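Those sequence lines, one after another, are chains A and B. Mapping of the first sequence onto our numbering: position 112 corresponds to residue 112, and the numbering continues sequentially without gaps. Mapping of the second sequence onto our numbering: position 226 corresponds to residue 226, and the numbering continues sequentially without gaps.
Since the hints were derived computationally from the structure, they do not count as laboratory data. All figures in this text were calculated on a predicted structure; none of them were measured in a lab. Even glycine gets a Cβ: it sits at the ideal position worked out from N, Cα and C. Be careful, since some hints might not be right.
As the list claims (entries may be wrong) - The following label-pair restraints were derived from C-beta to C-beta distances:
1. B/TYR318 / A/ASP120: 40 to 46 angstroms
2. A/THR107 / B/THR67: 16 to 22 angstroms
3. B/GLN166 / A/ASN58: 24 to 30 angstroms
4. A/PRO45 / B/VAL150: 20 to 26 angstroms
5. A/PRO45 / B/ASP218: 55 to 61 angstroms
Stated by the list, open to error - Facing chain A, from chain B, some residues (calculated, C-beta under 8 angstroms):
6. THR144
7. HIS350
8. HIS352
9. ASP353
10. ILE357
11. ALA364
12. GLY368
13. HIS369
Stated by the list, open to error - Facing chain A, according to a computed beta carbon distance under 7 angstroms, are these residues of chain B, among others:
14. GLY380
15. VAL381
16. PRO382
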Amino acid sequence: MNAVDIHSGDDLRDLYRELILDHARSPRHFGKLENATHTAEGINPLCGDKLRLFVRLNEQDNIAAASFEGSGCAISVASASLLTDMIIGLSVTQALDCFTAVTNRLTDPESFQEQDIGVDLSKIKALDGVREFPSRVKCATLAWHALNSAVGGQQTPVSTE
Amino acid sequence: MTHAQKSDALSVVDCRQDFPALHQEINGHPLVYLDSAASAQQPESVIAAVASYQRHDHANVHRGVHTLSHRATDAYEGARDKIQAFINAANRSEIVLTSGATESINLVAQSFCRPALKSGDKILITHLEHHSNIVPWQLVCEQTGAELVVVPINTSGELDVEAFDQLLTADVAMVAIAHVSNALGSVNPVSDVIARAKSLDIPVLLDGAQGIPHMQIDVQALDCDFYAFSGHKMFAPTGTGVLYGRESLLDAMPPYQGGGDMILEVSFDGTIYNDLPYKFEAGTPNISGVIGLGAAIDYLQSIGMTEIAKHEEQLLVYMMQKLADIDGIRLIGTAAAKASVQSFLVDDIHPHDLGTILDHQGVAIRTGHHCAMPVMDFFGVPGTARASLALYNNNDDIDRLVGAINKARQIFG
């Protein structure tokens, strides 16, 4: 195989970082979660991404388990996979703080300021590449909107449109 | 146009320079535009005709006694004459100007079918239709109790002709079928379909949105009852479209919308409708867009639809061969008769990721379900990547497409 032409590839490599490709190829916590207490669907009609997020809360309102199923592009699947990795063990409040932090980071990078919400968000930085691809930001935030919908009180499916 | 003039006229090879939008860089690369099935670029002559009308001739049509209104009316009605000649309709009253193929089909569903349909009647469509040739029929079925019947396709994306024959029964009130599939490029055997339907006196609508830019259309030779198409797929502005309808059928149909221009006389006791085709053209139309459509037809005829079809056929063969040579590619839509379109998937790369990587290299393709979700379901895929050709594409465009796909494979490899 020829060497990759890096002339125009920097933004692309930034979008499709190894961590993203790894999670897209081998999504973590993939499949339906038995005994889920909360669930929500996320739909991106533009590209046909369709994910369902499952969350199981324990009696203390902490996230005991999380998973997702569905199909989507590399960015939306990787983002959902990273999400499930990150939120297990968090309280609902912390998870919703993560939703706010991630969506602000990706949709409003100009005014975004990192705040310590007591959660390690370092892996989420792997999604930063989407900021150069406006049409792909919705893919990256899809699962997070589903999270907000599932544990934040909304019951209807969320759409990126 | 005489033969001598034609040989001096534009050739397809040179026509690329007529499209200003093609001459720009996208993400640092010269644009390769392979999304004409979604919307085609416009030649300079269309852009100039619209601009000239806006600068010098604009007024409302069919209304004023003043000079500008005459000019606007002449230009607008002149475009109707060009459309009539372009598709060889018998009469200019058979050319109804609409906002696009979608409105044209809705008009037929609501004005032709709805008053006549009764519970138990059937409307026959196919599995490869665009949503615009599915949903209007679903609506009219809900309104009347009629049944929507879908003719299956095979794994190449071809109409199952035997199934069509079996499903074409005497209780079918309408056959509505794409001339060319937008998602797969399959050219349907429309002459056969029409002949079989005619033998049972069943009217036929052809959704010609993907047919009209690629081949010579002769509605009298086809003997269809309705032919619907959009201007923006044939190098004209968006918001323009045509419904060709057989005069005797249009004449018997009630108006689709009420308003200005579609009346002869209005009182509160009742209204006398205008003659064809104005009965179906309520309100101030898209005058500048229709003038642009007339200019687009002039442009197409200056090259010749036969020339265009020949050029695109060679290109499509080249594109299908080059794509088929890529490891890990799955071509979707491999009908024997095809025009202009190739859908595909590469390895397990999601079409949306492929679209982004190609765009980054200046190559514009469509990704997703192409407003044909049942087609995607049939092939068991959430969507495809689709490259579509127009008269301004060339082999270099296809080489660039292939190079960009290989780049995507390296990134995902």
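Of the numbered hints stated previously, which ones are contradicted by the structure, given in increasing order? Those not satisfied are hints 1, 2, 3, 5, 6, 11, 14, 15.
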